[in-house]
Amino acid sequence: GENVEQHPSTLSVQEGDSAVIKCTYSDSASNYFPWYKQELGKRPQLIIDIRSNVGEKKDQRIAVTLNKTAKHFSLHITETQPEDSAVYFCAATQGAQKLVFGQGTRLTINP
Amino acid sequence: GAVVSQHPSRVICKSGTSVKIECRSLDFQATTMFWYRQFPKQSLMLMATSNEGSKATYEQGVEKDKFLINHASLTLSTLTVTSAHPEDSSFYICSARDPPRGTEAFFGQGTRLTVV
Numbered sequence: 001g002e003n004v005e006q007h008p009s010t011l012s013v014q015e016g017d018s019a020v021i022k023c024t025y026s027d028s029a030s031n032y033f034p035w036y037k038q039e040l041g042k043r044p045q046l047i048i049d050i051r052s053n054v055g056e057k058k059d060q061r062i063a064v065t066l067n068k069t070a071k072h073f074s075l076h077i078t079e080t081q082p083e084d085s086a087v088y089f090c091a092a093t094q095g096a097q098k099l100v101f102g103q104g105t106r107l108t109i110n111p
Numbered sequence: 112g113a114v115v116s117q118h119p120s121r122v123i124c125k126s127g128t129s130v131k132i133e134c135r136s137l138d139f140q141a142t143t144m145f146w147y148r149q150f151p152k153q154s155l156m157l158m159a160t161s162n163e164g165s166k167a168t169y170e171q172g173v174e175k176d177k178f179l180i181n182h183a184s185l186t187l188s189t190l191t192v193t194s195a196h197p198e199d200s201s202f203y204i205c206s207a208r209d210p211p212r213g214t215e216a217f218f219g220q221g222t223r224l225t226v227v
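Order-wise, the sequence lines are chains G and F. Start counting the first sequence at 1; every next residue gets the next number (the numbering used here). Start counting the second sequence at 112; every next residue gets the next number (the numbering used here).
Bound-form chain G, shown alone:
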């Protein structure tokens, strides 16, 4: 089955700087890669996703890149703000199958 590895587990950046979180997956059949932001005690919120037929996707300050050959994808947050502080999870799935999550990254934005 699918296995998703996420790094780093914690990340601290200065406000205004960029943050990058990386994930690798094992199942070459996976074709959908969402990223979630989760605040304490809350449900995960989808912030961006990418499908395997696309190499990069951007939404304002957030971007995701996908390298199918290497089986890794990354989340990029630019111009970070204090409200970006949260736990971020990557995930992978094939079609409408179950999501397999990475271990999570606790992102702290320092003012």
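Some hints could be false.
Subject to a maximum C-alpha distance of 25 angstroms in a straight line, what follows is the list of computed DSS-like cross-link-like pairs (lysine-lysine) [as the list claims (entries may be wrong)]:
| id | chain 1 | residue 1 | chain 2 | residue 2 |
| --- | --- | --- | --- | --- |
| 1 | G | 71 | G | 58 |
| 2 | G | 98 | F | 177 |
| 3 | F | 152 | G | 37 |
| 4 | G | 98 | F | 152 |
| 5 | G | 71 | G | 22 |
| 6 | F | 175 | G | 98 |
| 7 | G | 42 | F | 131 |
| 8 | G | 22 | G | 57 |
| 9 | F | 131 | G | 98 |
| 10 | G | 68 | G | 37 |
Chain G is faced by these chain F residues, among others (derived, beta-carbon under 8 angstroms) [said to hold, decoys possible]:
| id | residue |
| --- | --- |
| 11 | 123 |
| 12 | 145 |
| 13 | 154 |
| 14 | 160 |
| 15 | 216 |
| 16 | 223 |
Calculated directly from the structure, the hints in this document are not laboratory data. For every residue, glycine included, the Cβ atom is placed at its ideal position computed from N, Cα and C.
Fit chain F to the given chain G structure using the hints.
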């Protein structure tokens, strides 16, 4: 996006009792729902896939007789934690997709279960 509602949001129960958690898709029909468990500072781990009108599919290591899943309608799946113990204390969260709206998974609010 689509709405998935989970109830209750918090529950405290005594050891040995059972607790039922409901997951409803409010504006779409869900033939499949997923149940996850999240321990503090850990990731979401899939427990089981709930299939409307048939038996749930459990992940390896998840006791099907302890975590009973019922998906009797296209808008409701329930997870019952039977004979709960303190180690079952966790954040339980369900999700479902609405295929006409794409691949995005929609999550319930989660249920914080504390077993005392």
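How the hints compare with the structure:
1. G:71 <-> G:58: holds, 19 angstroms
2. G:98 <-> F:177: At roughly 21 angstroms apart (the allowed maximum being 25 angstroms), residue 177 of chain F and residue 98 of chain G satisfy the hint.
3. F:152 <-> G:37: With Cα atoms ~14 angstroms apart, residue 152 of chain F and residue 37 of chain G stay inside 25 angstroms; holds.
4. G:98 <-> F:152: Distance of about 21 angstroms is within 25 angstroms: holds.
5. G:71 <-> G:22: holds, 11 angstroms
6. F:175 <-> G:98: holds, 18 angstroms
7. G:42 <-> F:131: holds, 20 angstroms
8. G:22 <-> G:57: Judged against 25 angstroms, a Cα distance of about 15 angstroms means the pair holds.
9. F:131 <-> G:98: Roughly 22 angstroms separates the two Cα atoms, so the pair holds.
10. G:68 <-> G:37: At roughly 23 angstroms apart (the allowed maximum being 25 angstroms), residue 37 of chain G and residue 68 of chain G satisfy the hint.
11. 123: This interface hint is violated because 15 angstroms lies over the 8 angstroms limit.
12. 145: holds, 6 angstroms
13. 154: holds, 5 angstroms
14. 160: holds, 6 angstroms
15. 216: holds, 6 angstroms
16. 223: Hint holds; residue 223 of chain F Cβ to chain G Cβ min 7 angstroms, cut 8 angstroms.
In this structure, the one hint that does not hold is number 11.
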